[in-house]
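Q: In case you want the letters, here they are:
Number of protein chains: 2
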Amino acid sequence: MRAYRSLATRFARIGAVEDAAGILGWDAQTLMPKGAAEGRAEQLAQLRVIAHEILTAAETGDLIAQASDDEAGLGAWERANLREMRRAYLHASAVPGDLVAVSSKASSRSEMVWREARATSDFAMLAPHLAETLRLQREVGEAKGAALGLAPYDALLDGYDPGMRRAVIDPLFSRLRAILPGLIGTIRDRQAMMPAPMPLPGPFPVEAQKALGLALMRAAGFDFERGRLDISLHPFCGGATDDVRITTRYDEADATRALMGVLHETGHALYEQGRPPAWLHQPVGNARGMSLHESQSLLIEMQACRSAEFCAYLAPRLRDVFAGEGSAWDAENLHGLYTRVEPGLIRVDADEVTYPAHILLRYDLETAMISGDLAITDLPGAFDEGMRDLLGIVVPSDRLGCLQDIHWPGGSFGYFPTYTLGAMAAAQLFRAARESLPGIPADLARGDFTALRGWLRENVHQRGSFLETDELLVTTTGKPLGAEDYMRHLRHRYLGEG
Amino acid sequence: MRAYRSLATRFARIGAVEDAAGILGWDAQTLMPKGAAEGRAEQLAQLRVIAHEILTAAETGDLIAQASDDEAGLGAWERANLREMRRAYLHASAVPGDLVAVSSKASSRSEMVWREARATSDFAMLAPHLAETLRLQREVGEAKGAALGLAPYDALLDGYDPGMRRAVIDPLFSRLRAILPGLIGTIRDRQAMMPAPMPLPGPFPVEAQKALGLALMRAAGFDFERGRLDISLHPFCGGATDDVRITTRYDEADATRALMGVLHETGHALYEQGRPPAWLHQPVGNARGMSLHESQSLLIEMQACRSAEFCAYLAPRLRDVFAGEGSAWDAENLHGLYTRVEPGLIRVDADEVTYPAHILLRYDLETAMISGDLAITDLPGAFDEGMRDLLGIVVPSDRLGCLQDIHWPGGSFGYFPTYTLGAMAAAQLFRAARESLPGIPADLARGDFTALRGWLRENVHQRGSFLETDELLVTTTGKPLGAEDYMRHLRHRYLGEG
Chain A
1 MRAYRSLATR FARIGAVEDA AGILGWDAQT LMPKGAAEGR AEQLAQLRVI AHEILTAAET
61 GDLIAQASDD EAGLGAWERA NLREMRRAYL HASAVPGDLV AVSSKASSRS EMVWREARAT
121 SDFAMLAPHL AETLRLQREV GEAKGAALGL APYDALLDGY DPGMRRAVID PLFSRLRAIL
181 PGLIGTIRDR QAMMPAPMPL PGPFPVEAQK ALGLALMRAA GFDFERGRLD ISLHPFCGGA
241 TDDVRITTRY DEADATRALM GVLHETGHAL YEQGRPPAWL HQPVGNARGM SLHESQSLLI
301 EMQACRSAEF CAYLAPRLRD VFAGEGSAWD AENLHGLYTR VEPGLIRVDA DEVTYPAHIL
361 LRYDLETAMI SGDLAITDLP GAFDEGMRDL LGIVVPSDRL GCLQDIHWPG GSFGYFPTYT
421 LGAMAAAQLF RAARESLPGI PADLARGDFT ALRGWLRENV HQRGSFLETD ELLVTTTGKP
481 LGAEDYMRHL RHRYLGEG
Chain B
1 MRAYRSLATR FARIGAVEDA AGILGWDAQT LMPKGAAEGR AEQLAQLRVI AHEILTAAET
61 GDLIAQASDD EAGLGAWERA NLREMRRAYL HASAVPGDLV AVSSKASSRS EMVWREARAT
121 SDFAMLAPHL AETLRLQREV GEAKGAALGL APYDALLDGY DPGMRRAVID PLFSRLRAIL
181 PGLIGTIRDR QAMMPAPMPL PGPFPVEAQK ALGLALMRAA GFDFERGRLD ISLHPFCGGA
241 TDDVRITTRY DEADATRALM GVLHETGHAL YEQGRPPAWL HQPVGNARGM SLHESQSLLI
301 EMQACRSAEF CAYLAPRLRD VFAGEGSAWD AENLHGLYTR VEPGLIRVDA DEVTYPAHIL
361 LRYDLETAMI SGDLAITDLP GAFDEGMRDL LGIVVPSDRL GCLQDIHWPG GSFGYFPTYT
421 LGAMAAAQLF RAARESLPGI PADLARGDFT ALRGWLRENV HQRGSFLETD ELLVTTTGKP
481 LGAEDYMRHL RHRYLGEG
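Residue numbers (the UniProt record's numbering), protein chains in the order written: chain A, 1 to 498; chain B, 1 to 498.
Please note: incorrect hints may appear among the correct ones.
If we take Cβ atoms under 10 Å as the criterion, some of the chain A residues that face chain B in the derived model are [said to hold, decoys possible]:
no.: 1; residue: D27
no.: 2; residue: I54
no.: 3; residue: D349
Covered by chain B, per the in silico footprint, the following chain A stretches (three or more residues, Cβ under 8 Å) [said to hold, decoys possible]:
no.: 4; region: 13-19
no.: 5; region: 30-36
no.: 6; region: 238-252
Derived SDA-like pairs (lysine to any residue); straight-line CA-CA distance at most 25 Å [unchecked claim]:
no.: 7; chain 1: A; residue 1: K34; chain 2: B; residue 2: K105
no.: 8; chain 1: A; residue 1: K210; chain 2: A; residue 2: A253
no.: 9; chain 1: A; residue 1: K105; chain 2: B; residue 2: A12
no.: 10; chain 1: A; residue 1: K34; chain 2: A; residue 2: V113
no.: 11; chain 1: A; residue 1: K210; chain 2: B; residue 2: L280
no.: 12; chain 1: B; residue 1: K105; chain 2: B; residue 2: A28
no.: 13; chain 1: A; residue 1: K34; chain 2: B; residue 2: S104
no.: 14; chain 1: B; residue 1: K34; chain 2: A; residue 2: F224
None of these hints come from the bench; they were simulated from the model. Quick caveat, the model's predicted, so the values are computed rather than measured. Glycine residues also receive a C-beta, built at the ideal position from the N, C-alpha and C atoms.
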């Protein structure tokens with residue numbers, strides 16, 4: 001027990017350092033003056049190195065070994081906590097400290113260059129930085145893979161989504177790849193035969209958008225005593241324990257997008273705010289991987305808030321807030337706007353039907369980049385080709401193509417698939433929730449999230465990392481992650497089936 | 001050289017951790033949601049412990065010893081840097097780890113109790129906690145004193161203002177004590193014979209106050225690429241290297257106070273933003289102690305911006321921004337408002353003539369507390385007696401008396417004198433600047449800070465901690481810190497002499 005307690009103290013310190021980095025990272029994207037970027041990168045790098053040093057100290061390994069010998073004396077949560085400590089230790093100790101520092105700095109730098117390269121659609125400007133970031137991330141993947149007995153890409157993936165493997169993703173994504181182009185075509189044909197939804201006539205003053213967003217966050221159960229809503233160029237959910245900060249970006253010509261963005265991030269935030277109170281500062285209290293995290297944002301946004309039921313609640317509120325007149329403000333039209341399917345260039349603007357195509361492409365490209373089968377210089381061409389194949393779209397410039405996302409310049413390889421895995425998990429969980437609580441659709445039509453949030457809290461949020469992802473899904477939905485409920489959801493919503 | 005370089009890396013890391021803590025501390029006072037307070041305290045405590053551990057590691061001491069043996073091979077700035085490293089190491093390693101932890105916890109606790117005790121004016125509630133904090137701070141002073149060869153109070157003082165000693169302060173403060181009550185009386189009599197300045201009629205919308213504050217900051221030379229202005233309950237200058245953040249608090253009934261507050265914090269910020277670029281992340285690149293820091297805020301606020309010349313520039317701008325009408329908006333009246341002398345209960349509200357009386361009193365009391373000559377139970381009586389003696393004011397309640405300041409409950413003994421030492425240094429430096437650049441008053445009348453800022457940058461800011469405080473003053477003003485220029489300034493501004 002002494003070894004375990006000593007580990008708990010050690011991991012609480014790591015948690016505090018990570019929380020500190022969370023607030024500094026949030027600040028960098030919301031308020032930080034431009035000239036502070038270099039210093040902030042240094043601060044974040046140092047905090048990461050410090051957390052890494054505490055985590056990878058020989059003493060940590062010794063304590064884990066001692067505590068493991070003594071595991072019989074631990075309770076179930078303590079054992080799960082020890083398992084997560086071991087996982088974190090293995091991931092971190094696999095990577096030499098120098099490589100951590102160098103790769104973190106390289107990522108910060110290429111992320112900074114990317115901001116300018118994207119603005120000017122200048123891939124050549126980014127290329128050397130991206131190549132360096134890739135090279136270092138491949139090294140990280142190789143180092144972790146050697147320690148964990150995994151291929152480099154699986155090792156990187158495991159860092160975002162513990163337990164996830166290419167062997168799980170490949171068949172799921174193959175199925176999507178086989179079905180998706182046809183499904184998109186069928187849905188597009190069907191929507192073409194119906195009257196196109198009318199755009200809501202603006203303008204939409206920022207203050208009114210913000211007030212409505214705050215009201216919906218409150219309705220969904222966001223705790224403002226332990227979190228905030230702010231503005232950033234790229235919306236995200238960040239911050240720290242008991243200080244969950246989501247962001248959005250307002251467009252005075254279109255209120256629908258920021259609103260759904262706020263609800264998406266609120267889904268992430270509910271997960272963070274709902275983690276098990278007694279374990280908040282321990283590894284087992286953390287959210288269980290990025291797929292499940294994305295499932296929570298997509299469950300709130302896509303499953304709950306883009307439903308016909310919630311649109312019936314939302315439409316009159318939108319009309320009130322923006323003094324709307326005419327039938328564009330009717331619930332049916334709003335639902336039509338929120339379920340319009342249209343292949344487009346930008347991933348983050350994609351509807352839920354075409355979105356997976358963007359992910360399939362990126363998954364192919366990043367697995368090839370990590371394996372060395374795709375060189376950075378060939379990335380723009382491969383990207384554009386994939387867009388043509390998967391969505392029938394011609395990419396007019398790198399700004400709207402392979403330069404659009406921050407992930408690769410920021411050093412995140414192995415992250416992209418979790419978006420679509422999350423969409424699948426969301427459909428699976430929402431279906432289980434409705435089977436357990438059939439009143440949920442009627443609740444949403446009244447803007448009442450209480451029952452849904454309670455179910456999520458109990459079945460997902462409060463479990464933290466107590467269960468492995470697939471254990472959680474089996475316990476909660478009766479089966480491991482699959483594509484069926486997701487495909488069924490798309491067929492139901494977009495083709496009126498089932 | 002290897003030992004020195006290794007130290008530089010080590011201290012750069014400490015600097016990055018301190019910068020991180022600076023941003024987190026800023027956030028805690030500006031934006032943080034209420035429920036995050038406990039977590040934030042934990043994050044800050046962990047960062048402090050981490051910085052302390054790096055600083056006091058045996059290896060740090062060994063490296064300092066090695067580098068000192070090798071000092072001949074170092075350049076002048078490197079030698080000064082090593083001196084500052086040694087100072088930081090001696091201060092930190094003098095105090096046993098247990099005492100650091102216990103005294104820091106006791107201070108947090110008594111600071112928390114103080115918030116409630118002040119609100120209810122309940123000194124008895126605070127007394128046992130303050131006694132414990134005092135006892136532990138005395139222990140800290142004794143431990144540091146033993147290591148540095150100083151008396152306990154001098155050792156505490158040295159932590160805020162390197163090199164400052166009671167032997168320097170006592171004669172300076174004795175002179176003030178002899179002169180001040182008579183001077184205040186004379187000035188009050190003189191002001192009583194003149195028409196009282198008219199208050200500016202409000203209201204003053206926050207947005208307009210903010211816009212004017214930002215414009216004045218810009219005029220004074222604040223670099224918004226490396227800093228921000230925000231709102232907090234208690235105004236301060238904080239943040240990090242290349243990210244200097246000042247705050248203010250707006251009152252829609254009075255614009256003059258927030259405006260001067262912004263200029264005061266701008267003075268601190270110019271110092272921070274003007275530190276030597278090549279040494280920003282090393283101890284020698286830090287600002288030289290609290291007296292000199294306060295001299296920079298008071299030089300901008302009291303010496304420059306409350307001058308008749310700057311009021312002539314400011315008055316028409318105030319009139320424009322707030323659409324003012326009538327003679328209250330005339331420069332002479334504004335100058336009258338900004339130089340009104342009136343003894344009052346609250347230190348932070350005091351004018352520059354009566355302010356030192358508040359400091360003389362606190363200096364007497366805290367030196368007596370540290371030496372054991374004043375028991376906590378006798379503090380309220382001694383405080384009230386001092387206010388009567390020095391300012392002729394009867395303290396109606398402890399809330400407006402000895403409970404008004406956070407310093408003692410927070411464990412800061414030895415900080416108070418730096419406010420008045422800073423006021424003296426400000427007068428001395430401003431006089432030297434004007435002797436060197438006689439155009440400064442005329443510049444200020446045009447809102448032009450360029451020459452003054454250039455002088456401060458060269459003579460103070462860019463020196464960082466290269467020179468000891470007195471060396472800097474001798475080099476820059478021809479003499480060590482004294483009270484003459486300060487008294488001359490008061491006689492000139494308030495009695496029209498010289």
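Q: Look at each hint and say if it fits the structure.
A: Hints versus structure:
Using the Cβ-Cβ criterion of 10 Å, the hint placing D27(A) at the interface with chain B is satisfied: the shortest such distance is roughly 6 Å. Checking I54(A) against chain B by beta carbon gives a least distance of about 9 Å; that is within 10 Å, so the hint holds. Hint on D349(A) is violated. Least Cβ distance to chain B is approximately 30 Å, over the 10 Å limit. Counting residues of the region 13-19 of chain A whose C-beta lies closer than 8 Å to any C-beta of chain B gives 4; at least three are required, and the coverage claim holds.
Counting residues of the region 30-36 of chain A whose beta-carbon sits less than 8 Å from any beta-carbon of chain B gives 6, enough to reach three: the coverage restraint holds. Here's how the region 238-252 of chain A fares: 4 of its residues keep a CB closer than 8 Å to some CB of chain B, so the rule of at least three is met and the hint holds. Between K34(A) and K105(B), the direct Cα distance comes to roughly 36 Å. Violation of the 25 Å bound is thereby established for this hinted pair. Note on K210(A) and A253(A): the hinted pairing holds, with a Cα-Cα distance of about 14 Å set against a maximum of 25 Å.
Between the alpha carbons of K105(A) and A12(B) the distance comes to roughly 15 Å, so the proposed pair stays at or under 25 Å and holds. Restraint check for K34(A) and V113(A): satisfied, since their Cα atoms lie roughly 13 Å apart, inside the 25 Å limit. For the suggested pair K210(A) and L280(B), the alpha carbons sit about 39 Å apart, so the restraint of at most 25 Å is broken. Distance restraint check for K105(B) and A28(B): the Cα-Cα separation of roughly 18 Å lies within the 25 Å cut-off, and the hinted pair is therefore satisfied.
Distance check on the hinted pair: K34(A) and S104(B) sit about 35 Å apart at the alpha-carbon level, beyond 25 Å; violated. Among the hinted pairs, K34(B) with F224(A) is consistent with the structure: their alpha-carbon atoms are about 9 Å apart, no more than 25 Å.
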